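Asker: Oh and the sequence shown: position 89 is 89 in my numbering, straight run, nothing missing.
Just so you know, not all the hints are guaranteed correct.
Calculated lysine to aspartate or glutamate pairs in the DMTMM-like style (CA-CA distance at most 20 Å, straight line) [claimed, not checked]:
#1 K45 / D55
#2 K163 / D196
#3 K220 / E75
#4 K45 / E142
#5 K30 / E127
#6 K117 / E127
#7 K163 / E145
#8 K212 / D182
#9 K157 / E142
#10 K200 / E153
#11 K230 / D203
#12 K150 / E127
#13 K235 / D196
The calculated label-pair distances, taken between Cβ atoms and stated as ranges, are [what the hints assert, rightly or not]:
#14 Q133 / G96: 49 to 57 Å
#15 L165 / I46: 25 to 33 Å
#16 I229 / F144: 48 to 56 Å
#17 D156 / N48: 41 to 49 Å
#18 T160 / T62: 54 to 62 Å
#19 S195 / K38: 53 to 61 Å
#20 E211 / I46: 22 to 30 Å
No lab work stands behind these hints: they were computed from the structure.
Note that this is a predicted model, so its numbers are computed, not measured.
Note that beta-carbon positions come from the ideal geometry of N, C-alpha and C, so glycine has one too.
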Amino acid sequence: MKNLILSTILSTVLLASCSQDNSKNIMVIKGEVKGLKKGTLFLQKIENGTLSTVDSIYLEGTGLYSLKSKINASELHFLSLNKNNEKTIPFFGEPGEITINTNLDRFVFHAKISGSKNQEILDQYNEISSQFQYQNLEMLKENFEAQKEKNQEKIDKLVTKSKNLLRRKYLYTTNFALNNSDSEVAPYIALTQLSDANIKLLDTINNSLTEKIKNSSYGKELNSFIEKIKADEVKE
Numbered sequence: 001m002k003n004l005i006l007s008t009i010l011s012t013v014l015l016a017s018c019s020q021d022n023s024k025n026i027m028v029i030k031g032e033v034k035g036l037k038k039g040t041l042f043l044q045k046i047e048n049g050t051l052s053t054v055d056s057i058y059l060e061g062t063g064l065y066s067l068k069s070k071i072n073a074s075e076l077h078f079l080s081l082n083k084n085n086e087k088t089i090p091f092f093g094e095p096g097e098i099t100i101n102t103n104l105d106r107f108v109f110h111a112k113i114s115g116s117k118n119q120e121i122l123d124q125y126n127e128i129s130s131q132f133q134y135q136n137l138e139m140l141k142e143n144f145e146a147q148k149e150k151n152q153e154k155i156d157k158l159v160t161k162s163k164n165l166l167r168r169k170y171l172y173t174t175n176f177a178l179n180n181s182d183s184e185v186a187p188y189i190a191l192t193q194l195s196d197a198n199i200k201l202l203d204t205i206n207n208s209l210t211e212k213i214k215n216s217s218y219g220k221e222l223n224s225f226i227e228k229i230k231a232d233e234v235k236e
């Protein structure tokens with residue numbers, strides 16, 4: 001009888017332990033799309049270079065939704081309405097519960113994301129990065145006008161100004177990555193924003209990453225990218 005009771009207790013403990021371990025690898029995305037009467041929401045991510053659907057839900061008469069996915073590490077995901085590229089919200093997914101609220105008319109721009117620490121870090125980066133993008137667009141307009149006017153002096157000044165802006169963006173991105181070396185965002189922005197930068201900047205970021213981030217999918221991808229660049233340089 002004692003053995004039976006002990007066996008039951010052990011089985012219960014093991015099942016509870018397994019349940020807890022599994023829950024640590026589950027991401028739940030929930031929220032509301034205001035104004036949505038009918039449509040399908042897709043939770044997607046890039047696997048082996050292809051955008052794949054990991055969960056979906058058909059909604060009718062309500063904009064409330066809940067989606068789930070098994071996830072081992074933080075990486076970029078996409079919440080898409082009817083697989084429409086113009087209605088796709090990119091966000092950093094991670095284990096746990098993440099809330100994404102938005103509305104039908106301004107699906108992407110009115111999206112409010114909470115519950116993802118890495119998304120908060122990426123939002124901080126994007127806030128400053130958008131200023132660089134705005135300045136670059138302004139210079140493109142000025143350059144277009146200078147080309148029409150055939151004003152070579154102005155064109156030359158804008159070329160110098162553009163190079164300086166790019167240099168400032170690269171330095172800002174590098175410093176941001178160094179200050180967040182314990183986040184998957186660091187190798188992610190290095191790969192997406194510094195692919196054409198000096199290899200020394202990429203190396204600096206790569207060497208600063210914590211072991212956990214080095215072993216993440218983006219950490220491994222960054223290291224492989226750097227090794228490829230160095231190998232190509234040797235061939236040349």
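Asker: Does the alpha-carbon distance linking K200 and E153 stay inside the 20 Å limit?
Answerer: violated, 33 Å
Asker: Against the 20 Å threshold, does the CA-CA distance of K150 and E127 hold or violate the hint?
Answerer: Not satisfied, since the Cα-Cα distance of roughly 35 Å exceeds 20 Å.
Asker: Given the proposed pairing of K235 with D196, does the C-alpha separation stay at or below 20 Å?
Answerer: Roughly 19 Å separates the two Cα atoms, so the pair holds.
Asker: When you check the alpha-carbon spacing of K117 and E127, does it fall within 20 Å?
Answerer: With a Cα-Cα distance of about 16 Å, the restraint between K117 and E127 holds, given a limit of 20 Å.
Asker: Could you say whether the range 53 to 61 Å given as a hint is met by the Cβ separation of S195 and K38?
Answerer: violated, 40 Å
Asker: If you draw a straight line from the CA of K163 to the CA of D196, is it 20 Å or shorter?
Answerer: Satisfied, since the Cα-Cα distance of roughly 13 Å is no more than 20 Å.
Asker: Are the Cα positions of K163 and E145 separated by 20 Å at most?
Answerer: holds, 19 Å
Asker: Holds or violated: K230 with D203, Cα cutoff 20 Å?
Answerer: holds, 10 Å
Asker: Using the Cβ atoms, figure out if I229 sits within 48 to 56 Å of F144.
Answerer: violated, 33 Å
Asker: Going straight from one Cα to the other, do K157 and E142 come out at no more than 20 Å?
Answerer: holds, 11 Å
Asker: Is K220 within 20 Å of E75, Cα to Cα?
Answerer: holds, 13 Å
Asker: Holds or violated: 25 to 33 Å for the Cβ distance of L165 and I46?
Answerer: holds, 30 Å
Of the hints listed earlier, those the structure fails to meet are numbers 4, 5, 10, 12, 14, 16, 19, in rising order.
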